[in-house]
Amino acid sequence: MSHAIQDRPVSVAPRRGSLSHARLPRWTPAAIAAGSIAGGIGIGLGAGWHSKVQWGMIAALLFVIGTYALTSKVEGSRQAKDRVATSVVWVCFVLAVIPLLSLAWVTVSKGIGVLDGYFLTHSMNGVLDAEAGGGVYHALLGTIEQVLIATLIAAPIGLLTAVYLVEYGGGKLAQAVTFFVDVMTGIPSIVAGLFILATWNLILGFGPSGFAGAMALAILMMPVVVRSTEEMLKLVPNELREASLALGIPKWRTILKVVLPTAIGGITTGVMLAVARITGETAPVLLLVFGTKLINPNPFEGAQSSLPLYVYEQFAVGTDAAMARAWGAALVLIAFVMILNLVARGIARWKAPKTGR
Amino acid sequence: MAKRIDVSGLSAYYGAHKAIDDISMTVEPRSVTAFIGPSGCGKSTFLRTLNRMHEVTPGGRVEGKVMLDDENLYGSHVDPVAVRRTVGMVFQRPNPFPTMSIFDNVAAGLRLNGSYKKSQLGDIVERSLKGANLWNEVKDRLNKPGSGLSGGQQQRLCIARAIAVEPDVLLMDEPCSALDPISTLAIEDLIGELKERFTIVIVTHNMQQAARVSDRTAFFNLAAVGQPGKLIELDDTERIFSNPSVQATEDYISGRFG
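Chains A and B supply the protein sequences, listed in that same order.
Residue numbers for the first sequence follow my numbering, so the first one is 1076 and each next one is one higher.
Residue numbers for the second sequence follow my numbering, so the first one is 4 and each next one is one higher.
Chain A with its partners taken away, still in its complex shape (with noise of 0.2 Å):
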């Protein structure tokens, strides 16, 4: 708060070469906030606009400026530049957690009507589309075999490529290795789809199974995979490595028992995200798996669910009770890739390296 370095000559200072100069209390951004929100309303209010969207614009311009206004005038014109700054990620912020809060919202609000014991432990064998009742329960079943058979495949797959990527690569083979994961991040999940329906299904000649949509998801689960356990490895301190090595253990035992090890908060994350992102996805499931009414245990034989396509399914339908099902599922799914994330941040915490005394 110095104003020995001036960034423009002195108006606003009361005393050249003193430290101390005028300050806004603690509370004016929440005050300068509450009255561009007034502002905002009030000018929406007046000039009759009904889009809640364009008061909200009002009111976060109104904010930025009356900062930048308010601060020049009392506190000079650097402390006004950094005010501007902060209420500008401010307003950032606040346009990112909208959308996040709303979705939530209306999940919850519209889901958590047919949400119940039966909901989660029926399938929608005979039930008819207009109907009320019925469940999600072979598509929450499917939706976990798939998912974890997936994972089975991509995880270890992704990990050791990345371990190869880091600890052994660094030729014309690990360049290509990387452009090409890099090349898989893009694919769209219809063209993994469609390449497991062309080799899979066409060329092999098996049906529609979990399994299928499994091999899919693998391959759109791989490149994450991939990429957060390199970075997360590169994180590892080489001098770690070397310690190790010093120590005259080999090095597949030191990748093994010091770098994972390290890493492994940080990989289990990553993988946990790749699941994340490929519990949701629709169109390889719809394509390999092809939707059921009925419980199908068995991943390997017969047409199964997923939540997702559960979701398509019941939107498609379009009736009262369809819809209410629709977002039934949708929270489930939300669920469920929250409480695989509570799990993943549980173990990262767990295995994370320890400090303290």
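What you were told as hints is all true, and nothing was included just to trick you.
Within a straight-line C-alpha distance of at most 30 Å, the following computed DSS-like cross-link-like pairs (lysine-lysine) qualify: (1) A/Lys1332 <-> B/Lys142; (2) B/Lys198 <-> B/Lys68; (3) B/Lys6 <-> A/Lys1326; (4) A/Lys1426 <-> B/Lys120; (5) B/Lys121 <-> B/Lys147; (6) B/Lys21 <-> B/Lys6; (7) B/Lys21 <-> A/Lys1326; (8) B/Lys133 <-> A/Lys1332; (9) B/Lys147 <-> A/Lys1309; (10) B/Lys68 <-> A/Lys1326; (11) B/Lys147 <-> A/Lys1426; (12) B/Lys133 <-> A/Lys1326; (13) B/Lys147 <-> B/Lys120.
No wet-lab data here; the hints were simulated from the structure.
Every value quoted in this text rests on a predicted model; they were computed, and no experiment measured them.
Position chain B against the provided structure of chain A, taking the given hints into account.
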């Protein structure tokens, strides 16, 4: 235990860059040999060639011979992993394994090598920690993480970890440069005790330290930045610090270098 190192015509490279040029010297067993010299003169690189850690660096390459008693470390059938079990190393910054407890850190070398008897592990850990003068400070919290110790304790933990695998030679790459004077004193005392059992080579920037702990001192220098480092002279520490035979050594020691 405690073997003689005989280096002849050793050069080390990072890719195309030659870091040290044609070094020959003998390191006596059961003694402390200190390497001094300006930054970038190749002391650490040379140290790392003595247990084949240099080649871990991408592009690292070595020419020449390092005889450990009568075995060439760079012989064609020599396994670098076996070399590193025989020639231990302590690094500049303390680097205990963050996922492991104090006990596991010391036991790591034995456990991960798979060459131990379960019943002996506790004894070996206790002996190593006592050998590193750390036992009394940590004996009540062996299950706590090693990263919770102070810097000086962590460095002694790393020394305990290195001596737990019973190497013949112990290389130390500026082991005290990240430590305060009290911890440094503790490590220097420890070096004095360890030389009864091991051949010790220590790189240091602190000339008082070299004078205090070492029996023999080697001075390294480089002609200019970008040129490979060379061994200027190796002699008894007393002689190097009182009456060196090369003018460059005297200039460096008396602070007239550069």
